[in-house]
Amino acid sequence: MSNPIRQAFQNLKRERRTALLTYTVAGDSSNKQSLEILKSISNYADILEVGVPHNTPVADGGQIQTSAYRAIQNGVKMNDVFKIVKNFKKSKYSKPVILMGYYNMIYQYGENNFLKNCKKSGVNGLIVVDLPWPENKIFSKKCKQSSINFIQLISPTTSKKRLKSIIKDSHDMIYYISMLSTTGGKLKVSPRKILINYNKIKKIDPKKNCVIGFGITEKTISKFKNTDGLVVGSQICKEITRSLNNRQNPVINVSKMVRKLRKKIS
Amino acid sequence: MKLKKGIPVIDQGNKFGFWGGKFGGNFVPETLKKPIEDLEILFNKLKKDKKFIKERDKYFKNWIGVPTRLIKLSNLTSHVGGAQIWSKVVSDANGGAHKIYNATVHCLLAKRSGKKVIIGDTGAGYAGKMLSMAAKKFGLKCKIFMGAKDIERQQPNVRAMKKNGADVIPVYSGSQTLVDAVSECMRYWVANCDTTAMCVGSTVGPAIFVRICGWSTSQISRELKAQLINEFGEVPKKLKLYNCVGGGSSSFGFWNEFMDYDKKQVEFIGVEAGGPAKSKRHAAPLTYGSKIGILHGAAQYVNQNNDGQIEETESISAGLDYPGISPLHCFLKDTKRARYTAASDEEALKAYQIVTKYENLRPSLEPSHAFSVAIKEAKKLSKDTIVVINSCGDAYKDKNILEKKLGKQYVKSN
Chain A
1 MSNPIRQAFQ NLKRERRTAL LTYTVAGDSS NKQSLEILKS ISNYADILEV GVPHNTPVAD
61 GGQIQTSAYR AIQNGVKMND VFKIVKNFKK SKYSKPVILM GYYNMIYQYG ENNFLKNCKK
121 SGVNGLIVVD LPWPENKIFS KKCKQSSINF IQLISPTTSK KRLKSIIKDS HDMIYYISML
181 STTGGKLKVS PRKILINYNK IKKIDPKKNC VIGFGITEKT ISKFKNTDGL VVGSQICKEI
241 TRSLNNRQNP VINVSKMVRK LRKKIS
Chain B
1 MKLKKGIPVI DQGNKFGFWG GKFGGNFVPE TLKKPIEDLE ILFNKLKKDK KFIKERDKYF
61 KNWIGVPTRL IKLSNLTSHV GGAQIWSKVV SDANGGAHKI YNATVHCLLA KRSGKKVIIG
121 DTGAGYAGKM LSMAAKKFGL KCKIFMGAKD IERQQPNVRA MKKNGADVIP VYSGSQTLVD
181 AVSECMRYWV ANCDTTAMCV GSTVGPAIFV RICGWSTSQI SRELKAQLIN EFGEVPKKLK
241 LYNCVGGGSS SFGFWNEFMD YDKKQVEFIG VEAGGPAKSK RHAAPLTYGS KIGILHGAAQ
301 YVNQNNDGQI EETESISAGL DYPGISPLHC FLKDTKRARY TAASDEEALK AYQIVTKYEN
361 LRPSLEPSHA FSVAIKEAKK LSKDTIVVIN SCGDAYKDKN ILEKKLGKQY VKSN
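Which chain is which? The protein sequence lines are A and B, in order. Those letters in the first sequence? Residues 1 to 266, per our numbering, in order. Those letters in the second sequence? Residues 1 to 414, per our numbering, in order.
Please note: incorrect hints may appear among the correct ones.
[Claimed, not checked] Per label pair, the in silico range of CB-to-CB distance: (1) A:LYS256 <-> B:ARG112: 25 to 31 Å; (2) B:PRO156 <-> A:LYS260: 33 to 39 Å; (3) A:LYS116 <-> B:TYR172: 51 to 57 Å; (4) B:PRO156 <-> A:VAL189: 52 to 58 Å; (5) A:SER222 <-> B:PRO8: 41 to 47 Å; (6) A:ASN113 <-> B:ASP38: 51 to 57 Å; (7) A:LYS260 <-> B:ARG281: 52 to 58 Å.
[Stated by the list, open to error] Listed next, the stretches of chain A that the computed footprint assigns to chain B, with coverage defined by at least 3 CB atoms under 8 Å from CB atoms of chain B: (8) 67 to 80; (9) 142 to 156; (10) 181 to 195; (11) 204 to 216; (12) 223 to 237.
By construction, these hints were calculated from the structure, which means they are not laboratory data. Cβ atoms here follow ideal geometry from the backbone N, Cα and C, with glycine treated the same way.
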């Protein structure tokens, strides 16, 4: 059977739709609630990125830091993250799940052990923020052998030469970072410029599915309608924080938001 | 794992920047790959460029005021009764600590690369103070990231930074100390690396920053070697070099020129911060056997839990209050070239009292850790053993803490 990530993109292309990817942190604000959020938003999102909280994140802005901090305060451990994914997959087996996090969490778990547990719990892909190419070559091969998509990141600073090599070594999906920013930054580059870079990637290998992340919100998302996929993370994390502060149910509020996001690119 | 002779330690990493095949590296977001590569190319070129070395030496001499003194602590030696105790007074350097070397070199590199802004992290405030001084000197705008807790406990340095025109940006995340300041500084660089240069304040971070810092602080041991030869006619047969270790910039610089000597002749002793005697928390990953992990772009021994979350540290000295340690020191530990131990908060304070009682020297809380171990060990050593302690910072910045812990008589007003 082909990887659910590839399958999802194939289905979307047939339906001429843009993929909506969401990012939420596992264990935010509790293990149970983060599972409920995943179940609920998966009605509108095509691929779910699940953040593995880490306490020295060098690429995350305030909103995701706050979510991760909450999760760690609540005592979430790596094994809980796997459990959350496993429980989610019980009801939504075909919905692709990507774990996103920092390499130390994988390193401490042991690469092989980590991948074994990814497979067992139903994780389909991995984004490791601080394991760039070519340092990730060996690990990404291991992922492939375990039928797990290793998702390469590309940024506006990636040189032409690197771009080609990274795309060549990528699996089904590539993540394009729209601008120089941590997560949650305001879009400071024009969508036109971002799309020029996006098209450069697509031109090198049209078969690779390229999603755009960073600075994608309810306000900006419709400007990128005709791409393979878009990731919304910080705005969702912010909504969880806002809901908690107002003593409202984050599950309901976040679902509403994701449904709106879906509509804007449908 | 082996230390090679005849090759500077900073150049002994492999093509991915790993010392001993496993310490260091570049665990960074994709966005930083290009600026790091650019900095590597620039640094590798300039460190071989005679004109650049001349320029560096000019600023080191005329502005930093090298060489700093090597002095014999005669009263302390007779009080302790054992080895001869000497100190390299690196706090003589402009600004009052060794951080000025790295800051100056980073500003010179920033100028060459055409950057207008330089950012840096700071714990004790010395790295920040020096970067703000150097930035002012070289006409660069400067932003310093500092944990909110450190801002409170190191006010004199904060005032100095502001006076030099730097923006001091308080960091409220996590433990609000150095580890969070470095994270926040790296995050700022991720978002602004097209216009901004980053200076990592110690021999930590992605491999290039470890190398630049080690190369800069090595000035200390170049001077020391010449001064020892001048004093004794040769490098002494029994020499012991004590230095505190937080990130590891001053100790690496204090030892580098002696790397190829047999450790029986020149022994390196690194003293980490053991934290309060009653607390389980510490900032001594080498002494207490922390596991290897990834922190701020580099693989190193680091205080962490089983899951890989970085643990909070505790130390009276903000400059040593860091959960990780330079990959260079991990390498020196595993190759057994250097020996590492720790001193507690209380031991450091006691050493400060002893040193200031017998000598006209005021080591800050960081080198007081090194003095503590050196004094203890010197007692048992022969009279022909030369003990040198790097007094790498001045206690002026610690006056609030010293006054609180020891009383007013231990604080001078300047």
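Now the hints, each set against the structure:
Between LYS256 (chain A) and ARG112 (chain B) the Cβ separation comes to about 53 Å, which falls outside the hinted range of 25 to 31 Å. Between PRO156 (chain B) and LYS260 (chain A) the CB atoms are about 52 Å apart, so this pair departs from the stated range of 33 to 39 Å. Roughly 38 Å separates the CB atoms of LYS116 (chain A) and TYR172 (chain B), a value that falls outside the hinted 51 to 57 Å. At roughly 41 Å, the beta carbons of PRO156 (chain B) and VAL189 (chain A) sit outside the given window of 52 to 58 Å.
The supplied range of 41 to 47 Å is broken by SER222 (chain A) and PRO8 (chain B), whose beta-carbon atoms lie about 55 Å from each other. Distance hint for ASN113 (chain A) and ASP38 (chain B): a CB-CB separation of about 37 Å, inconsistent with the stated range 51 to 57 Å. A hinted range of 52 to 58 Å is violated for the C-beta pair LYS260 (chain A) and ARG281 (chain B), which are about 46 Å apart. Counting residues of the segment 67 to 80 of chain A whose CB falls under 8 Å from any CB of chain B gives 4; the rule of at least 3 is met.
Restraint check on the segment 142 to 156 of chain A versus chain B: 4 residues with Cβ-Cβ distances below 8 Å, three needed, restraint holds. Using a Cβ-Cβ cut-off of 8 Å, 3 residues of the segment 181 to 195 of chain A lie near chain B, which meets the minimum of three, so the contact claim holds. Requiring three or more residues with a Cβ within less than 8 Å of a Cβ of chain B, the coverage given for the segment 204 to 216 of chain A is violated, as only 0 such residues are present. Under the rule that three or more residues need a Cβ within less than 8 Å of chain B, the assignment of the segment 223 to 237 of chain A is violated, with 0 such residues.
When each numbered hint is compared with the structure, violations occur for hints 1, 2, 3, 4, 5, 6, 7, 11 and 12.
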